[in-house]
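Asks: For the record, the sequence lines run as chains A and B. Count the first sequence with numbering that gives the first Met the number 0 and you get residues 0 to 86, in order. Count the second sequence with numbering that gives the first Met the number 0 and you get residues 0 to 427, in order.
It cannot be assumed that every hint is accurate.
[What the hints assert, rightly or not] Here are the simulated DSS-like pairs of lysine-lysine, each with C-alpha atoms no more than 30 Å apart in a straight line:
hint: 1; chain 1: B; residue 1: Lys36; chain 2: B; residue 2: Lys374
hint: 2; chain 1: A; residue 1: Lys63; chain 2: B; residue 2: Lys142
hint: 3; chain 1: B; residue 1: Lys221; chain 2: B; residue 2: Lys282
hint: 4; chain 1: A; residue 1: Lys63; chain 2: B; residue 2: Lys355
hint: 5; chain 1: A; residue 1: Lys84; chain 2: B; residue 2: Lys355
hint: 6; chain 1: B; residue 1: Lys355; chain 2: A; residue 2: Lys65
[Said to hold, decoys possible] Some residues of chain A that are not near chain B, with every Cβ distance over 12 Å (derived):
hint: 7; residue: Ile18
hint: 8; residue: Glu28
hint: 9; residue: Arg32
hint: 10; residue: Gly41
hint: 11; residue: Pro42
hint: 12; residue: Ile45
hint: 13; residue: Leu57
hint: 14; residue: Leu60
What the hints contain is simulated information worked out from the structure, not anything from laboratory work. The structure displayed is predicted, hence computed values, not measured ones. The beta carbon of each residue, even a glycine, is placed where N, CA and C say it ideally should be.
Spelled out, the chains give:
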Amino acid sequence: MKQALADIFSLTGDNMPEIMDLCHLEAPEPMERILSAGAQLGPRDIYLARLPHVPYPLFPLLEKRKLSWRIHEEEDGRVLILIRKQL
Amino acid sequence: MKTVGLSLDQAPQLSIPASFFLSVPIGVLLAALILLKTGMAPLLSPLMPHAVALTHAGTVGVLAMGMVGALYQMIPVVAGSPVPFTRLAHIVHVLLLAGLLGFTWRLLGGPLQSMSVAILCFGIAFPIFLLPVGWALLRAPTKDQTVQGMRVALVSLFVALLMGLVLASGFAGGVFSDDRMLWMQAHLTLALLGWVGGLIIAVSWQVIPMFYLAPTVNKATKKWLLVLLITGLVLPFIVAFTGFGFDGLLSTPRLMAVAALPAALVAWFLHPVLILRGLMNRKRKRSDASLLFWQAGLGIGLLLIPAGALAMLHPDPRWQVLFGWLAIWGWAATIMHGMLSRIVPFLIWFHRYSAKVGLEPVPSMRSLLPQNRIKTSLYLHLASVLLGVLAIFIQTNWLAYMTGALLMTTALSMASMLIHVLRSRETA
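Just chain B, same shape as in the assembly (with noise of 0.2 Å):
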């Protein structure tokens, strides 16, 4: 037991959070415009440009710009530990956007020279976004299961950077490394498993039992699953540093994803039934539709390791595709667009409201956003995931070009479900 005195002012300005939470449904917009242009191109093989165009407006434009936004927001909260030079966070945000918008055109077609561009944008965003957040963690003076779990996912997304940089170079002009499917498979599993796994996990042993009234999931059980994380990111590069591996069906990259069971086992089975039996018992069961996403996303999660079973043994690359898109835009980014509905309203209410409390009425935090805004992007959302699992089977460009289109809704309609409660100040 101890006692603590503090005196700091943690929260970051409103505009830091607010600016990448703004630009995930532009990651969106840009994820369905893709599709719109090429059609079916992108949902045929995971290794064609267009995929791997459509995959990164995914994961840098939907996902990263969400939890670095996030991360910059919560490291204060939740760890009690003030990130410093948080003005760089603004041009963190303008390097992400200019290089996903350099790496697009390229992978469509454009100059190799905006290649080099992307290249040189993530190349100096995430280490200026890495070092300061990272900071934050080290110093900070609670040192609990979320703030190692974001540990966790900051190291992975750093090693994921760089390697991601290297396969990046591949398409400026410079030649793909004969062990490409070694580093994309490195690369994968840092950045879903690591990065998006870790920091969705991390986050959700706070806000679940902070927002929902869930029980928390118990210490002994965070560190086990923290222990089996890290085991599934080492060990896919100790078989690759000693290239342990045969012809055919155990070739390395095949057994560097089935050395990431241990951490595949804790995004996708082991953390979405913890949470999903959590949130039945929580205390006081009021209907919300953040928690819908929550249950989706986390249902959809537990589809991920058949699908990546599927991907890896069945010869039809259309497995692989269905096993990013589920987890994705089906897993993390129903979680975060959840997140999105329920973090956002309390900054506002934050930063715009808590100073009142007691001395002047004020509004409620779910006054900021009604339910029936949230419902409507929950619905699109999840409409666009079953309706690009469609166009990934039959592959018909019509279907393609219409999961384009509910993506483009969806994005529409989450950019206005935010700007609405970011206006709440006039009509509070």
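With the rest of the complex left out, here is chain A (with noise of 0.2 Å):
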């Protein structure tokens, strides 16, 4: 599994963070807590959760704070989204 989304990321597995899931969360909740810990983020630093739907809203605000994401539609819907400083 963790292979498995290494490759889907391009991360090696030493680097992959445990995934936080943010499904059982109402909105606006989800986006808090991704802005909260995208607040935190060093250089070297990947936050990866899990999400019920790609959430298109939280994209402009993660360019505005100099964040990039890649999202990973899974079969049921849900979706992982990982953030990262931008280089």
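Can you join these two chains into the complex? Each is in its own frame, and there are hints to help.
Replies: Right under this line is the structure:
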């Protein structure tokens, strides 16, 4: 599983963070958690979370904070979002 | 499985949805004024001009106003596709208000020209809404059942609009077609089940899990519901075009209503049952007044198939009025009122505070609109539904006036709730 995720996001297994499951939170709590976590990220840190759907409104906020992201849509409709500082 | 990396400034300006949402109470106020001015007249028979005015204060002034605002907001967020030329939304807003006023004035005894102005306003407003929104939906990267349901709603609105404009021309000095009842039946089916029902269903699939943590309806069920909905929207047209029907009980308009049964079953039985069951099984059972609106609206929705059957079969026109009252103000407007109490705080939180999250303290979304304000609006809304039902059956002017007064109070409560949230920057 960890290796599969590492492949999806082009990461090495070593720097693969734990997935934060935010599917059990009401909107806008997942967005709050992601933005709060994003504010704490160091240059090499990675934040990975699972969400119930693609968080389109989040993207411009991440961009303004110079955070890059990648989305991976799972077969059940949920998505994984990976966030890190822009290089 | 796929991986996507998107960079889109999706959300429209706050002023766009907010202007439409703030106009919803104006539609309620207009309905209240019609009842206060004309008493029982709009509640006697659905074909009377006063009844048509009251109906459209509800469908255009309340429902379309909220739904158009919601679509401008939701399509970028849900479908990931920005709506082009969003500045046109301000023109759509003004034209809808002007059209509604002209329409109402004519039906309450105003000059023929006011209906011509209304037809012109609606004839411009809806296409300049439908084209950019339809374009955004067509090229949306997300193509799930919510997006498909929105497409069904927009196509239904387009055809219902065309039929509505032809029907309205009868009040602008034109002649009503011999097939007026057929046109009305088709207009009603598309507007109520396709446009309103389609959008409520599509939006619920997105917002009920998102805001209330209810389990999602599975994909296969959603697909079947959409197939049934579309079937019930198309079949009445086949009946109309073939002219199939007999005199009396099995007249063509009645058969058209029967042909719409698959769509009615989806909107007023299967969808309410599925969503109500999902809400009972939600993961975190947090008390939420906006949820009570959903439960009340869907509960009233379950009454609509029996009410519709009585309206179709019983010669007393009060059943037809009752059906319209319950469908517009009891089912659709109750759900919309609840949605506004949840979506507007979300929008304000998103536009004003989300950029500060993690950098400085921000208020929670729930703190922007106290629950007691939402509950007051809910009780007023439901009391007005009930009083309207009594007015329809007892048929006395004073009950109609009281319903109008209660509608006015509901409009003021709704407006006060929305203004309270919109002013939250100063108070947070």
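Asks: With reference to the structure, classify each hint as holding or not holding.
Replies: For each hint, the structure was consulted:
Annotation: proposed proximity of lysine 36 (chain B) to lysine 374 (chain B) holds, straight-line Cα distance about 29 Å (limit 30 Å). Of the supplied pair hints, the one linking lysine 63 (chain A) and lysine 142 (chain B) holds, its CA atoms being roughly 27 Å apart against a limit of 30 Å. For the hint pairing lysine 221 (chain B) with lysine 282 (chain B), the CA-to-CA distance comes to about 21 Å; that is within 30 Å, so the pair holds. The straight-line distance between the Cα atoms of lysine 63 (chain A) and lysine 355 (chain B) is roughly 11 Å, inside the 30 Å bound, and the hint therefore holds.
For the given pair, lysine 84 (chain A) sits about 17 Å from lysine 355 (chain B) by alpha-carbon distance, which is consistent with the 30 Å threshold. At most 30 Å may separate the alpha-carbon atoms for a hinted pair to count; lysine 355 (chain B) and lysine 65 (chain A) meet this at roughly 14 Å. Distance check on isoleucine 18 (chain A): its Cβ is at least 15 Å (rounded) from any Cβ of chain B, clearing the 12 Å threshold; non-interface status holds. For glutamate 28 (chain A), the non-interface assignment is contradicted: its Cβ lies about 9 Å from the closest Cβ of chain B, within the 12 Å cut-off.
For arginine 32 (chain A), the requirement that its beta carbon stay farther than 12 Å from each beta carbon of chain B is not met, with the minimum near 9 Å. Non-interface status of glycine 41 (chain A) relative to chain B is upheld: no Cβ of that chain comes within 12 Å, the nearest being about 14 Å off. Remark: the non-interface label on proline 42 (chain A) is consistent with the geometry, its nearest Cβ contact in chain B lying 17 Å away (cut-off 12 Å). Once the 12 Å rule is applied to beta carbons, isoleucine 45 (chain A) is consistent with being away from chain B; the minimum gap is 15 Å.
The beta carbon of leucine 57 (chain A) is not kept farther than 12 Å from every beta carbon of chain B, the shortest such distance being approximately 8 Å. Listed as outside the interface, leucine 60 (chain A) is inconsistent with that label: its C-beta sits roughly 6 Å from the nearest C-beta of chain B, within the 12 Å cut-off.
Consistency with the previously given hints fails for numbers 8, 9, 13 and 14, ordered from lowest to highest.
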